[in-house]
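Engineer: Numbering (full-length UniProt numbering), first residue to last: 1 to 704.
To be clear, the hints were calculated from the coordinates, so they are not data collected in a lab. Accuracy of the hints is not assured; some may be wrong.
What the hints assert, rightly or not - Below, in silico cross-link-like pairs of lysine-lysine (BS3-like), each with a Cα-Cα straight-line distance of 27 angstroms or less:
#	residue 1	residue 2
1	LYS166	LYS235
2	LYS235	LYS353
3	LYS568	LYS510
4	LYS271	LYS235
5	LYS510	LYS353
As the list claims (entries may be wrong) - Between beta-carbon pairs, the in silico distance windows are:
#	residue 1	residue 2	range
6	THR515	THR438	19 to 25 angstroms
7	THR692	VAL31	33 to 39 angstroms
8	THR438	GLY514	40 to 46 angstroms
9	ALA239	SER113	50 to 56 angstroms
10	GLY258	TYR649	32 to 38 angstroms
11	SER113	SER421	32 to 38 angstroms
12	ALA373	SER492	58 to 64 angstroms
13	GLU671	ALA169	32 to 38 angstroms
14	ALA456	ASP110	52 to 58 angstroms
15	ASP536	GLY452	20 to 26 angstroms
16	ARG356	GLY452	29 to 35 angstroms
17	ASP536	GLU123	56 to 62 angstroms
18	ALA373	ASN83	36 to 42 angstroms
19	SER148	ALA593	45 to 51 angstroms
Yeah, the Cβ is synthetic: ideal placement off N, Cα and C, and Gly gets one too.
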Amino acid sequence: MSLSTALDTAKSSLTATQTQTAIIARNIANVNTVGATKKYANVVTGALGQVQVTSITQSSNAVLYSNMLEANSAVGKGNVISNGLTRISETIGDTALSRSPAAMVSAMNDALSTLAASPNNYELARNAATAASDLVTRITESSATVQSVRRDADAELVQAAADMTKILATIEDLNNRIVAGTRSGADTTDLNDARDQAVVQLSAYVGVTTLTRGNNDLVIFTDSGVTMFESTARKVEYAATGGLNATVTEGNAFRIDGTAVTGSNAFMPIKSGIVAGLVSLRDDLMVTYQTQLDEMARGLIDAFKEVPGGDIATGLFDATGISAPASADIGTYNPGTIAAGDSLTFDFVYGDKSYRATAAFTAAPTSAANFQATLQAAVNAATTVDGNAALPAGAVVTVGNANGALSLSSQTSGALGVSVSNIQTYVASKTGGLTAATTAAGSIAVGSFTAGTIAAGDKIAFTFSYGGVDYSASHTFTAVPTDTDYANALSSAIAAAVPVTGGAALGAGKVTAGTAGLPALTLTATNPATVIGLSDVKTVPANLATHTGGLTAGASSTTITGLAAQLKLATGVTANPTLIRDGVHADYNTQNAGGFTTRLNQLSDALNAARSFSATSGADPTASLADYAASSISWLQATRQTALSDTDYKQTVLDQTQATLSNETGINMDEQLTRMLELERSFQAASKLISTIDEMLNTLLNSI
1 MSLSTALDTA KSSLTATQTQ TAIIARNIAN VNTVGATKKY ANVVTGALGQ
51 VQVTSITQSS NAVLYSNMLE ANSAVGKGNV ISNGLTRISE TIGDTALSRS
101 PAAMVSAMND ALSTLAASPN NYELARNAAT AASDLVTRIT ESSATVQSVR
151 RDADAELVQA AADMTKILAT IEDLNNRIVA GTRSGADTTD LNDARDQAVV
201 QLSAYVGVTT LTRGNNDLVI FTDSGVTMFE STARKVEYAA TGGLNATVTE
251 GNAFRIDGTA VTGSNAFMPI KSGIVAGLVS LRDDLMVTYQ TQLDEMARGL
301 IDAFKEVPGG DIATGLFDAT GISAPASADI GTYNPGTIAA GDSLTFDFVY
351 GDKSYRATAA FTAAPTSAAN FQATLQAAVN AATTVDGNAA LPAGAVVTVG
401 NANGALSLSS QTSGALGVSV SNIQTYVASK TGGLTAATTA AGSIAVGSFT
451 AGTIAAGDKI AFTFSYGGVD YSASHTFTAV PTDTDYANAL SSAIAAAVPV
501 TGGAALGAGK VTAGTAGLPA LTLTATNPAT VIGLSDVKTV PANLATHTGG
551 LTAGASSTTI TGLAAQLKLA TGVTANPTLI RDGVHADYNT QNAGGFTTRL
601 NQLSDALNAA RSFSATSGAD PTASLADYAA SSISWLQATR QTALSDTDYK
651 QTVLDQTQAT LSNETGINMD EQLTRMLELE RSFQAASKLI STIDEMLNTL
701 LNSI
């Protein structure tokens with residue numbers, strides 16, 4: 001190697017060392033800068049030994065960075081939900097404090113019980129009125145708090161849209177400079193750090209995924225696939241929901257690039273981030289809790305109403321703006337599925353009681369109107385499931401028919417919801433040939449087995465008389481029976497039969513179905529003197545849907561949206577608390593007796609009786625009012641605790657991911673100082689080489 005070549009090599013080394021030293025200094029200066037990555041020079045050695053810095057690169061880990069964005073979005077959503085639920089819990093949800101709805105329902109119950117023990121005590125009556133007033137105040141204030149949380153969430157969505165717009169504008173500016181710098185070969189690593197950090201800020205609001213194209217050009221999508229940035233920032237917009245209250249269960253949609261990313265009509269809904277959390281809080285969690293409050297208000301009004309079957313707003317508790325009577329869709333008329341002799345039974349709920357209706361068809365329905373009329377007659381004649389009571393006076397429950405579409409509706413607001421369930425059809429033509437027989441001693445003929453009329457899953461039922469006692473018998477066939485199978489099934493059903501009025505089973509060996517004369521069916525008593533008989537033969541088919549005329553189960557919404565906000569104490573109770581004992585609108589204490597307790601006991605029983613609440617409210621749908629209020633608090637606390645636990649876990653994941661990413665790509669001071677020492681030694685070596693070459697050149701020149 002010539003001296004000139006050695007000199008060029010030493011000079012290039014000094015230049016490269018100078019560049020690398022500057023990079024190290026830049027790294028050290030950014031050691032505490034959030035999001036700063038480690039930069040390093042790409043050094044190339046030429047054929048003659050010269051070294052050259054060709055580019056500056058930064059450390060990166062795409063997988064860890066993507067995981068961090070995902071975790072950051074999850075934490076953003078979790079924090080919003082946790083904070084909202086905590087706010088509700090702190091104000092109304094602590095059962096240990098007397099201000100929760102659950103605690104006040106219990107206080108109301110205690111006040112009624114105490115008053116019932118001394119019904120002529122005015123102070124106790126006033127205490128009961130105060131407890132009722134406090135309960136109304138707590139429920140209405142709780143509703144107001146829920147709606148305040150919803151409105152605040154809506155306002156934060158407006159701010160989120162503004163913040164995201166600013167962040168995207170920053171990303172657009174940085175991206176343009178990065179693309180231009182990459183094309184020109186300039187160092188864009190600091191710009192890359194700034195852009196990455198802006199994307200992290202954006203990911204707090206919505207879940208994001210990123211794609212890097214040629215020239216380091218960035219594209220950003222939401223976690224649902226909507227484009228947020230591609231060369232230019234896409235429009236982020238949100239209009240505040242006007243008139244947001246308890247009756248408005250869904251606010252406006254959040255839009256990105258013109259596409260709705262929240263709401264029931266969103267085809268590409270976002271899954272994480274602050275925006276998703278705010279919408280979940282506003283349109284899901286708070287709406288659910290509002291429903292629970294509405295159901296408490298409905299339960300109070302219904303429990304304390306004074307006119308059976310009439311308007312619900314007639315008792316101790318009242319409300320304005322109570323909704324119209326309820327209606328439930330119960331199927332579409334299906335001609336040809338009901339035959340003469342068939343009997344259709346179903347249960348329906350009106351108010352807080354279940355009623356059983358039976359429609360007996362002497363002829364097959366000729367039309368939807370004919371089918372409707374038969375069902376209506378059955379509803380009108382219905383009694384409670386226990387058979388003790390008919391529909392209350394004034395109650396109007398109507399079976400509707402709109403071009404074959406069937407409905408059940410209450411025409412009085414006293415219903416507070418209606419439903420149909422437990423539908424069964426007894427098909428006369430599917431009894432296997434079994435027929436009724438009058439009572440006789442010893443033996444009776446009960447028809448002739450008819451093959452093909454019993455299918456697997458069919459259930460035959462009949463009433464069997466033995467020694468003057470009626471027994472209820474039934475058998476479900478697991479397979480299509482032969483005549484012998486059928487006779488044996490009858491014997492088993494009779495042995496297992498229990499008295500209609502309740503009691504022990506008849507037992508085996510007392511009556512058998514003979515098999516010798518099949519297909520003729522005969523029942524024989526072991527004791528020839530015993531009188532036996534068979535009646536009320538019917539079969540419930542396995543494929544029930546093809547034998548109901550199209551009637552299906554259905555339920556109206558029992559919830560009156562926004563009722564909690566409208567709840568109030570009946571006028572006059574505060575001034576005259578003895579109305580609680582005697583009746584607010586109806587006169588229960590007709591003798592004006594000071595010791596009258598009947599109404600107070602009724603009210604206490606109503607508070608403790610199981611009621612039907614919305615099955616979608618999240619709380620116990622079949623509890624007493626007090627237990628429902630307690631289960632509502634349990635739902636709130638459990639939901640809050642789950643949200644807090646999930647958020648803590650996600651925060652831990654985020655912290656660990658950030659730490660791992662920092663270890664992979666961040667700046668380590670010790671490492672940089674060590675590298676600086678290496679560069680100093682390299683600089684010294686290059687300087688020494690130049691000094692030696694200088695001496696050699698001087699010696700060469702002096703020798704000439």
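Engineer: Now tell me, hint by hint, if it's right for this structure.
Structural biologist: Hint-by-hint comparison with the structure:
Restraint check: the Cα-Cα separation between LYS166 and LYS235 comes to about 11 angstroms, which is no more than 27 angstroms; the hinted pair holds. For the hint linking LYS235 to LYS353, the alpha-carbon distance of about 54 angstroms lies beyond 27 angstroms, and the restraint is violated. Among the hinted pairs, LYS568 with LYS510 is inconsistent with the structure: their alpha-carbon atoms are about 65 angstroms apart, more than 27 angstroms. At roughly 19 angstroms between alpha-carbon atoms, LYS271 and LYS235 fall within 27 angstroms of each other, so this suggested pair holds.
As the CA atoms of LYS510 and LYS353 are separated by approximately 40 angstroms, the hinted pair breaks the 27 angstroms bound. About 23 angstroms separates the C-beta atoms of THR515 and THR438, a value consistent with the hinted range of 19 to 25 angstroms. Range check, THR692 to VAL31: Cβ separation about 37 angstroms, and the 33 to 39 angstroms hint holds. For the pair THR438 and GLY514, the supplied restraint of 40 to 46 angstroms is violated, since their beta-carbon distance comes to about 19 angstroms.
Checked against the given bound of 50 to 56 angstroms, the beta carbons of ALA239 and SER113, roughly 52 angstroms apart, stay inside it. Evaluation of the 32 to 38 angstroms hint for GLY258 and TYR649 yields a pass: the beta carbon distance comes to about 35 angstroms. Range check, SER113 to SER421: Cβ separation about 34 angstroms, and the 32 to 38 angstroms hint holds. Take ALA373 and SER492: their Cβ atoms lie about 40 angstroms apart, and the range 58 to 64 angstroms is violated.
Checked against the given bound of 32 to 38 angstroms, the beta carbons of GLU671 and ALA169, roughly 36 angstroms apart, stay inside it. For ALA456 and ASP110, the hinted distance range of 52 to 58 angstroms is satisfied, since their beta carbons lie about 56 angstroms from each other. Our hint of 20 to 26 angstroms for ASP536 and GLY452 holds, since their Cβ atoms are close to 23 angstroms apart. A hinted range of 29 to 35 angstroms for the beta carbons of ARG356 and GLY452 is consistent with their spacing of about 32 angstroms.
At about 59 angstroms, the CB distance of ASP536 to GLU123 agrees with the hint of 56 to 62 angstroms. In this structure the supplied range 36 to 42 angstroms is violated for ALA373 paired with ASN83, their Cβ-Cβ distance being about 57 angstroms. The hinted window of 45 to 51 angstroms between SER148 and ALA593 holds, with their beta carbons roughly 47 angstroms apart.
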